[in-house]
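Chain order of the listed sequences is A, B, C and D. With numbering that gives the first Met the number 0, letter number 291 in the first sequence gets 290, and the count goes up by one each step, no holes. With numbering that gives the first Met the number 0, letter number 198 in the second sequence gets 197, and the count goes up by one each step, no holes. With numbering that gives the first Met the number 0, letter number 123 in the third sequence gets 122, and the count goes up by one each step, no holes. With numbering that gives the first Met the number 0, letter number 40 in the fourth sequence gets 39, and the count goes up by one each step, no holes.
Treat the hints as calculated values from the structure; they're not laboratory data. Please note that a few of the clues may not be correct.
Since the list gives no way to pick out one identical chain from another, each pair is judged satisfied if it fits inside one copy or across any two copies.
To be verified - Each computed BS3-like pair below joins lysine-lysine, with the alpha-carbon atoms no more than 30 Å apart: (1) Lys225 with Lys27; (2) Lys290 with Lys61; (3) Lys285 with Lys82; (4) Lys290 with Lys82; (5) Lys27 with Lys158.
These numbers were taken from a predicted model, which means no experiment stands behind them.
Number of protein chains: 4
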Amino acid sequence: MYHDLHFAFNLPVHRGSHTVDDADLREKGVTRIYDILFDYEDVLMETDRRLREILIRPEFQKEMGTREFYYHLGKILNECEKKNNLGQVSVLAVAYRNGIPVFTSSPGDSTIGMNVAGLELLAQATGLQDLFKLKINPSIDVNDSTAIILNAKRYENGKTAVILIGGGSPKNFMLQTEPQIQEVLMIPEVGQDYDINITDARPDTGGLSGAPPSEAASWGKIDPTKLEETVTAYLDVTVAFPLLTAYTIQTTKSKKLKRLYDRGQELHEKLVESYLENNKEVEKLKGLIKKL
Amino acid sequence: MYHDLHFAFNLPVHRGSHTVDDADLREKGVTRIYDILFDYEDVLMETDRRLREILIRPEFQKEMGTREFYYHLGKILNECEKKNNLGQVSVLAVAYRNGIPVFTSSPGDSTIGMNVAGLELLAQATGLQDLFKLKINPSIDVNDSTAIILNAKRYENGKTAVILIGGGSPKNFMLQTEPQIQEVLMIPEVGQDYDINITDARPDTGGLSGAPPSEAASWGKIDPTKLEETVTAYLDVTVAFPLLTAYTIQTTKSKKLKRLYDRGQELHEKLVESYLENNKEVEKLKGLIKKL
Amino acid sequence: MYHDLHFAFNLPVHRGSHTVDDADLREKGVTRIYDILFDYEDVLMETDRRLREILIRPEFQKEMGTREFYYHLGKILNECEKKNNLGQVSVLAVAYRNGIPVFTSSPGDSTIGMNVAGLELLAQATGLQDLFKLKINPSIDVNDSTAIILNAKRYENGKTAVILIGGGSPKNFMLQTEPQIQEVLMIPEVGQDYDINITDARPDTGGLSGAPPSEAASWGKIDPTKLEETVTAYLDVTVAFPLLTAYTIQTTKSKKLKRLYDRGQELHEKLVESYLENNKEVEKLKGLIKKL
Amino acid sequence: MYHDLHFAFNLPVHRGSHTVDDADLREKGVTRIYDILFDYEDVLMETDRRLREILIRPEFQKEMGTREFYYHLGKILNECEKKNNLGQVSVLAVAYRNGIPVFTSSPGDSTIGMNVAGLELLAQATGLQDLFKLKINPSIDVNDSTAIILNAKRYENGKTAVILIGGGSPKNFMLQTEPQIQEVLMIPEVGQDYDINITDARPDTGGLSGAPPSEAASWGKIDPTKLEETVTAYLDVTVAFPLLTAYTIQTTKSKKLKRLYDRGQELHEKLVESYLENNKEVEKLKGLIKKL
Numbered sequence: 000m001y002h003d004l005h006f007a008f009n010l011p012v013h014r015g016s017h018t019v020d021d022a023d024l025r026e027k028g029v030t031r032i033y034d035i036l037f038d039y040e041d042v043l044m045e046t047d048r049r050l051r052e053i054l055i056r057p058e059f060q061k062e063m064g065t066r067e068f069y070y071h072l073g074k075i076l077n078e079c080e081k082k083n084n085l086g087q088v089s090v091l092a093v094a095y096r097n098g099i100p101v102f103t104s105s106p107g108d109s110t111i112g113m114n115v116a117g118l119e120l121l122a123q124a125t126g127l128q129d130l131f132k133l134k135i136n137p138s139i140d141v142n143d144s145t146a147i148i149l150n151a152k153r154y155e156n157g158k159t160a161v162i163l164i165g166g167g168s169p170k171n172f173m174l175q176t177e178p179q180i181q182e183v184l185m186i187p188e189v190g191q192d193y194d195i196n197i198t199d200a201r202p203d204t205g206g207l208s209g210a211p212p213s214e215a216a217s218w219g220k221i222d223p224t225k226l227e228e229t230v231t232a233y234l235d236v237t238v239a240f241p242l243l244t245a246y247t248i249q250t251t252k253s254k255k256l257k258r259l260y261d262r263g264q265e266l267h268e269k270l271v272e273s274y275l276e277n278n279k280e281v282e283k284l285k286g287l288i289k290k291l
Numbered sequence: 000m001y002h003d004l005h006f007a008f009n010l011p012v013h014r015g016s017h018t019v020d021d022a023d024l025r026e027k028g029v030t031r032i033y034d035i036l037f038d039y040e041d042v043l044m045e046t047d048r049r050l051r052e053i054l055i056r057p058e059f060q061k062e063m064g065t066r067e068f069y070y071h072l073g074k075i076l077n078e079c080e081k082k083n084n085l086g087q088v089s090v091l092a093v094a095y096r097n098g099i100p101v102f103t104s105s106p107g108d109s110t111i112g113m114n115v116a117g118l119e120l121l122a123q124a125t126g127l128q129d130l131f132k133l134k135i136n137p138s139i140d141v142n143d144s145t146a147i148i149l150n151a152k153r154y155e156n157g158k159t160a161v162i163l164i165g166g167g168s169p170k171n172f173m174l175q176t177e178p179q180i181q182e183v184l185m186i187p188e189v190g191q192d193y194d195i196n197i198t199d200a201r202p203d204t205g206g207l208s209g210a211p212p213s214e215a216a217s218w219g220k221i222d223p224t225k226l227e228e229t230v231t232a233y234l235d236v237t238v239a240f241p242l243l244t245a246y247t248i249q250t251t252k253s254k255k256l257k258r259l260y261d262r263g264q265e266l267h268e269k270l271v272e273s274y275l276e277n278n279k280e281v282e283k284l285k286g287l288i289k290k291l
Numbered sequence: 000m001y002h003d004l005h006f007a008f009n010l011p012v013h014r015g016s017h018t019v020d021d022a023d024l025r026e027k028g029v030t031r032i033y034d035i036l037f038d039y040e041d042v043l044m045e046t047d048r049r050l051r052e053i054l055i056r057p058e059f060q061k062e063m064g065t066r067e068f069y070y071h072l073g074k075i076l077n078e079c080e081k082k083n084n085l086g087q088v089s090v091l092a093v094a095y096r097n098g099i100p101v102f103t104s105s106p107g108d109s110t111i112g113m114n115v116a117g118l119e120l121l122a123q124a125t126g127l128q129d130l131f132k133l134k135i136n137p138s139i140d141v142n143d144s145t146a147i148i149l150n151a152k153r154y155e156n157g158k159t160a161v162i163l164i165g166g167g168s169p170k171n172f173m174l175q176t177e178p179q180i181q182e183v184l185m186i187p188e189v190g191q192d193y194d195i196n197i198t199d200a201r202p203d204t205g206g207l208s209g210a211p212p213s214e215a216a217s218w219g220k221i222d223p224t225k226l227e228e229t230v231t232a233y234l235d236v237t238v239a240f241p242l243l244t245a246y247t248i249q250t251t252k253s254k255k256l257k258r259l260y261d262r263g264q265e266l267h268e269k270l271v272e273s274y275l276e277n278n279k280e281v282e283k284l285k286g287l288i289k290k291l
Numbered sequence: 000m001y002h003d004l005h006f007a008f009n010l011p012v013h014r015g016s017h018t019v020d021d022a023d024l025r026e027k028g029v030t031r032i033y034d035i036l037f038d039y040e041d042v043l044m045e046t047d048r049r050l051r052e053i054l055i056r057p058e059f060q061k062e063m064g065t066r067e068f069y070y071h072l073g074k075i076l077n078e079c080e081k082k083n084n085l086g087q088v089s090v091l092a093v094a095y096r097n098g099i100p101v102f103t104s105s106p107g108d109s110t111i112g113m114n115v116a117g118l119e120l121l122a123q124a125t126g127l128q129d130l131f132k133l134k135i136n137p138s139i140d141v142n143d144s145t146a147i148i149l150n151a152k153r154y155e156n157g158k159t160a161v162i163l164i165g166g167g168s169p170k171n172f173m174l175q176t177e178p179q180i181q182e183v184l185m186i187p188e189v190g191q192d193y194d195i196n197i198t199d200a201r202p203d204t205g206g207l208s209g210a211p212p213s214e215a216a217s218w219g220k221i222d223p224t225k226l227e228e229t230v231t232a233y234l235d236v237t238v239a240f241p242l243l244t245a246y247t248i249q250t251t252k253s254k255k256l257k258r259l260y261d262r263g264q265e266l267h268e269k270l271v272e273s274y275l276e277n278n279k280e281v282e283k284l285k286g287l288i289k290k291l
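Isolated chain A, as found in the complex (with noise of 0.2 Å):
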């Protein structure tokens, strides 16, 4: 998300190569993504810049979730895009446009992460704390993610699917929605109904990247009965993200853009809703909370 900063600033990043001298490369103050170079200090030093200013708007100035984090980022962006006559360049902008909610599950892991950190640091160290006050709080994230996945089953009746590029946290973050809702909100569910992973990790070194979607029936993470709709495709993305989506543009119509940004407020009273009349420990709970 932070390197879409750089697109939606219209400052440049570079094709290049892979074998290039680092040492030199760091010498000449140019920064390198494997194939992707672009200048330390006028795109990278400059976006941190732009980014700062930005996150000391008014409308960063509160606890919320990335989802949000990312919906005033991507309006920003959004304006960029329009001033610069750039046409479709960011992600977050896009996200923003059709209200599709953008979530990280890491918000400390990245250039955003890090500026946000530092902002708080000098918000603190210079009794400025009462006017800056922007906090990540990723159990927000967890349960607005839970919510669209628990709407779409038990409200809507409706199906689920994952599509999971890559492995690591996010893959995790994605398939524990189902556990959130079983498990720690105890309502009854069984498991979201398509599972596509696109990665080059393998299951023989027991990691949760390479686990393939048998492994997350097993915890609930994917209905059990629908082992046969789930596909893992052993592929670079950069080549099985274009053909998937080449496909679904070419063989399908136009849907109506569901804008699960939007009914944000909504899905989550109807994921309070059901976790209220379900869960047998919320009494339990409540009692152990009041004697704090």
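Add chains B, C and D to chain A, keeping to what the hints say.
Below, chains B, C and D without anything else, positioned relative to chain A:
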């Protein structure tokens, strides 16, 4: 870290096989992590129940980073270990006893994060949010992890090393400490001195997980003059890490523990000091914040 | 090449799943290649029976390389295709029709090699070795494959390319043509002009399968001044090759077939000519051989 | 096997780095195998010169399999080792001394095969083909390797194991011994008893290199009732094999050598005996051959 709890709680986890019928496992209430099997009700749900009671204890009722969160949890698991005469079975307990800080870059992703989120939902839904006050703030972790590196390099004139097991978000979280110093806090620094990677991710997919130490050097994460001190072993960590550990134990003398957890406040103050004395932008940012 | 026979013989092979119980398959007489399933008795054993009858035909009763062997086999499979109105189902038949030479670097490894060996055993054990005279001589293939490259580069002033799908013995067999020219036959040459690799083998294990084009350049296999014309795609070939083929068909005009098989004798003579005019060791080696 | 010669000839090979400029290496006459470097003229060409003189010795002037070829070569390398007081540096020399048969499934692929082919070209071009008579016949190897398995299982009532390091053609060559017994020679047998794989090839690409022991069981290569005795370790062999070897040496007593090379004729005769007594097709095939 969540699965560490099973061991400290003395709940049974079994070594089995990864070639099982997961739909059958789900029906029988067995949960699988590759070739590890455990009971859904008696282990997973029971761990969750105990965890929630722990999270309602007074020491957790505040905003904190995962560094502090795991310290409190490790202290409790240490008591569990002792009470049950289990020997050393918990990673968090051993970290607690030795004053070793533990961080997670994705605090909402995991059953611990799910239960924190569940309790927050409960407290808010039942008007108890003034009693249950646990919030994980990732910015605290970003700055606390950075403070460790800064102290070693700038205040103790020492060398630093990263040992990266696997990739994903934790890899960048460890490596971003140097950019947090140089790029965000603008404190002059040159990168870490040693970098050992154990991974099965290759560079060619272009992602962070497989990015080699040299790419990190182009960011200032690793000192570009010390790339010869970096190693990437493309090996299953269950083989590589025991070999590395056994070799280290056999060839080096015990060192005095640094107990960096205990020095958290001191390291934080040094970070603030270095930041304020160097950052040209501090005044400008203060000005912007004051206008809020 | 063996499995090409099933198609030309119109014996059924089925697409199934790789997640099956192989002990059960064996009991039921089903043989598996990943997700391809076929009957042991009616397909595998039947293919072998027909193959053995083919191998006893007169045109196979001589010493030959696999280039000639596959030509004779392709001619028969071409007849099978036509007789059964199968359309184009056999790779060897299409190679036969177009005069494309086909080589195998490991002629004894495969069910074809096994049946050749079985017939040789039978003939020798029953005193019929003067009638069944088929012998595969790998040296003929080494020189015939080399002659193709030498002719293109030295006699036709052209450029050559290798398209390497996968690794192992076939990869080196194609690449060793240049060292055979330069290092063994001592004919001045500089390496092939283009090198496209589609593989999942990475360089780090140190083997030939994952060795990049640059390593090949250090041997003179690839022209070291043309490394920018080389590509390695770390991709499943079932995805990469159709994409490459479709792109080629859509963007280039049909070319006249080279029918290199038909020119085998001519290319062989040019190889001998170039060898004898250049090799300083020829006289010395002749002297050594004459002393035998 | 070719690179084994450098060691027996006491020609220097150096450990370097895989991150070098290969065009520069080529210009300077240095050849690279991953991180191994050696001189093109003084090591590669010199090894070839000595090899060609060896191949002209009288013991090589016949048709043979690689089993016999490597025996003769190992005998000479054993003498080189002794003469130069090198200790144990050559794999072929140690195999020679211990009567261990060595096979190659792709005899034309390698610098040994290239030099055999070069000498054949020379002899034919200069009318010396009646003096230089070395021909590698892969069928001999197919039957000789099969005879080892058949003898162990059928005549000595023993168990057999395959240890497969890497994949490709050598993997199938070892595994096809059972199909050669059952499917081609039609001798009743049930598959090998143990199967250890060390590889980085995964099953999902569908190739033989990554095919698991269970797939082999569907072919009768491995006894389908003994799949629990099979292991696949997805590990770099440079780590896995030393661990396996050290463990074996430390935990098992030395066993008497089988010296299977020395028993070649006996094993061959047993294979013929078993073949003729079982094969229902022998008479039919004899009839077909006699019509030639």
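Need the list of violated hint numbers for this structure, in ascending order. No hint contradicted; all consistent.
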